[in-house]
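Asker: So the chains spell out like this:
Protein chains: 2
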Amino acid sequence: MTENLYIYGKNAVIEALRSGTRNFNKILIADSMRFDEKNEQIKSLAKDSGIIFQFVKKEKLNQIAPLVQHQGVIALISPIQYTELENFLETFKDESAPLIILDGIEDSHNLGAIIRSAVCAGIKGIILPSRRSAQINSTVEKTSAGAINRISIIKVNSLVNAVQKLQEHNYWVIASDHHANDNYFDIDYTDMNFAIIMGAEHSGISKSLLKLADYRVKIPMLTNFNSLNVSNATAIILFESVKQKLTKK
Amino acid sequence: MTENLYIYGKNAVIEALRSGTRNFNKILIADSMRFDEKNEQIKSLAKDSGIIFQFVKKEKLNQIAPLVQHQGVIALISPIQYTELENFLETFKDESAPLIILDGIEDSHNLGAIIRSAVCAGIKGIILPSRRSAQINSTVEKTSAGAINRISIIKVNSLVNAVQKLQEHNYWVIASDHHANDNYFDIDYTDMNFAIIMGAEHSGISKSLLKLADYRVKIPMLTNFNSLNVSNATAIILFESVKQKLTKK
Chain W
1 MTENLYIYGK
11 NAVIEALRSG
21 TRNFNKILIA
31 DSMRFDEKNE
41 QIKSLAKDSG
51 IIFQFVKKEK
61 LNQIAPLVQH
71 QGVIALISPI
81 QYTELENFLE
91 TFKDESAPLI
101 ILDGIEDSHN
111 LGAIIRSAVC
121 AGIKGIILPS
131 RRSAQINSTV
141 EKTSAGAINR
151 ISIIKVNSLV
161 NAVQKLQEHN
171 YWVIASDHHA
181 NDNYFDIDYT
191 DMNFAIIMGA
201 EHSGISKSLL
211 KLADYRVKIP
221 MLTNFNSLNV
231 SNATAIILFE
241 SVKQKLTKK
Chain H
1 MTENLYIYGK
11 NAVIEALRSG
21 TRNFNKILIA
31 DSMRFDEKNE
41 QIKSLAKDSG
51 IIFQFVKKEK
61 LNQIAPLVQH
71 QGVIALISPI
81 QYTELENFLE
91 TFKDESAPLI
101 ILDGIEDSHN
111 LGAIIRSAVC
121 AGIKGIILPS
131 RRSAQINSTV
141 EKTSAGAINR
151 ISIIKVNSLV
161 NAVQKLQEHN
171 YWVIASDHHA
181 NDNYFDIDYT
191 DMNFAIIMGA
201 EHSGISKSLL
211 KLADYRVKIP
221 MLTNFNSLNV
231 SNATAIILFE
241 SVKQKLTKK
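Heads up: the sequence lines are chains W and H, in that order.
The C-terminal residue of the first sequence carries number 249 in my numbering, and the numbering is unbroken.
The C-terminal residue of the second sequence carries number 249 in my numbering, and the numbering is unbroken.
Take these hints with a grain of salt, some might be off.
The list makes no distinction among identical chains, and a pair is therefore deemed to hold if it is satisfied within one copy or across any two copies.
[Stated by the list, open to error] Subject to a maximum C-alpha distance of 27 Å in a straight line, what follows is the list of computed DSS-like cross-link-like pairs (lysine-lysine):
1) LYS245 with LYS218
2) LYS93 with LYS249
3) LYS38 with LYS207
4) LYS43 with LYS249
5) LYS165 with LYS207
6) LYS211 with LYS58
7) LYS218 with LYS38
8) LYS124 with LYS218
9) LYS124 with LYS248
10) LYS218 with LYS249
11) LYS248 with LYS218
12) LYS155 with LYS211
13) LYS93 with LYS245
14) LYS47 with LYS60
15) LYS248 with LYS43
16) LYS38 with LYS58
17) LYS207 with LYS47
18) LYS207 with LYS245
19) LYS124 with LYS165
Everything labelled a hint here was simulated from the structure, so no lab data went into it.
Quick caveat: nothing in here was measured; it's all calculated off a predicted structure.
Whole structure, please, built from the sequences with the hints as guidance.
Answerer: This is the structure:
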């Protein structure tokens, strides 16, 4: 039997329902909740899939998920299914499938925001190390606004091995490193399958990974305050790739 | 007498010390802390300014700042000084001083990350409404990594009045709105003094502000998942402006 986890927030629950890949135990809705479009959507998606929903006192929800904005909706569901890197490469062998590699991101809010931007930018998978990394928990599900259900999450024991495997499969590996000479916008993202490595909040990318990368790029600043939040830095690079793809003649 | 607030985290404390604009009551350091470069910096900056620092048990810090990553350092200091819009315009009347206007951002993590990206991107001020907005608290200080000490924070009663005043002062006002026709990268940020309006996490920008804006721009996506985190969206637009400024021939 799989352990259930709770997810909260309207978007997180709607996207999990839509994905069709999560097993729902039940959905709890605050009985005091005003019914808006999103709540109606949750009710109708749940009905269509035969999922139980219960109206409960808001205090009950506050007990289950304290100190968070649950927006009156909590679902008890199965954790996401991780994807094997081998399977990912097989699935996408005939199409472009850009990736992000996160080398030791610790903060769940950052991980959630990165997943969200990644889905918006057409990224197909996120590679995480099995140790020294934020794991997919309720906070990540919420801050991803449900985007976690639209992307492959790949957990690997060794990021070095994963990068080598990607390179064997003709991926160009780009490391974000503020000591780099090249700028992130000097690269042409449109004619290659890429994997972008982003480093941990404090320590950056490990040396062994930096050495393997095909490109190193920095985000140039206008001031000497050189310290972007890692999810913001990821979004900046990703949306340069989006822009290039949309504007390429 | 001003009320003290606590700020935590090494960067937040270092930047507050460096700014010279904050009154420190004292700095508490965990006695168990291993001394690295940043801690030494805190000690030496504090000594230079005659600020008391105390070594205390880590449990004491956990009591003062529960559930957060204080990194072994907490400072009790005066809140930031807000800037009047009039004074800001007077101070920067002879130079370019781009601004961000935040229409009802609720989440402290988002506000902190936006301030951080803004400073990196050479933005000189953040305009917040006095109501319906996250306020500058300990979380914002921490998630801004101290950037809050390098930018003017301007609180206004009416964003509409503020926008009109900016327009009288030859600012071009750009609203980020996902219904817009133009893309954020269609605009030339290099030959104007701009103010970018970003909307609240759920409700976006209010209609009265949208109507006033000189430009509306969207961030185009590669998928139908159209839902960027607001700090990521802000970073994407800001760094397009940085890129243009750095690459303009």
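Asker: Enumerate the violated hints, using their earlier numbering and listing them in ascending order.
Answerer: Hints 4, 6, 15, 17, 18 not satisfied by this model.
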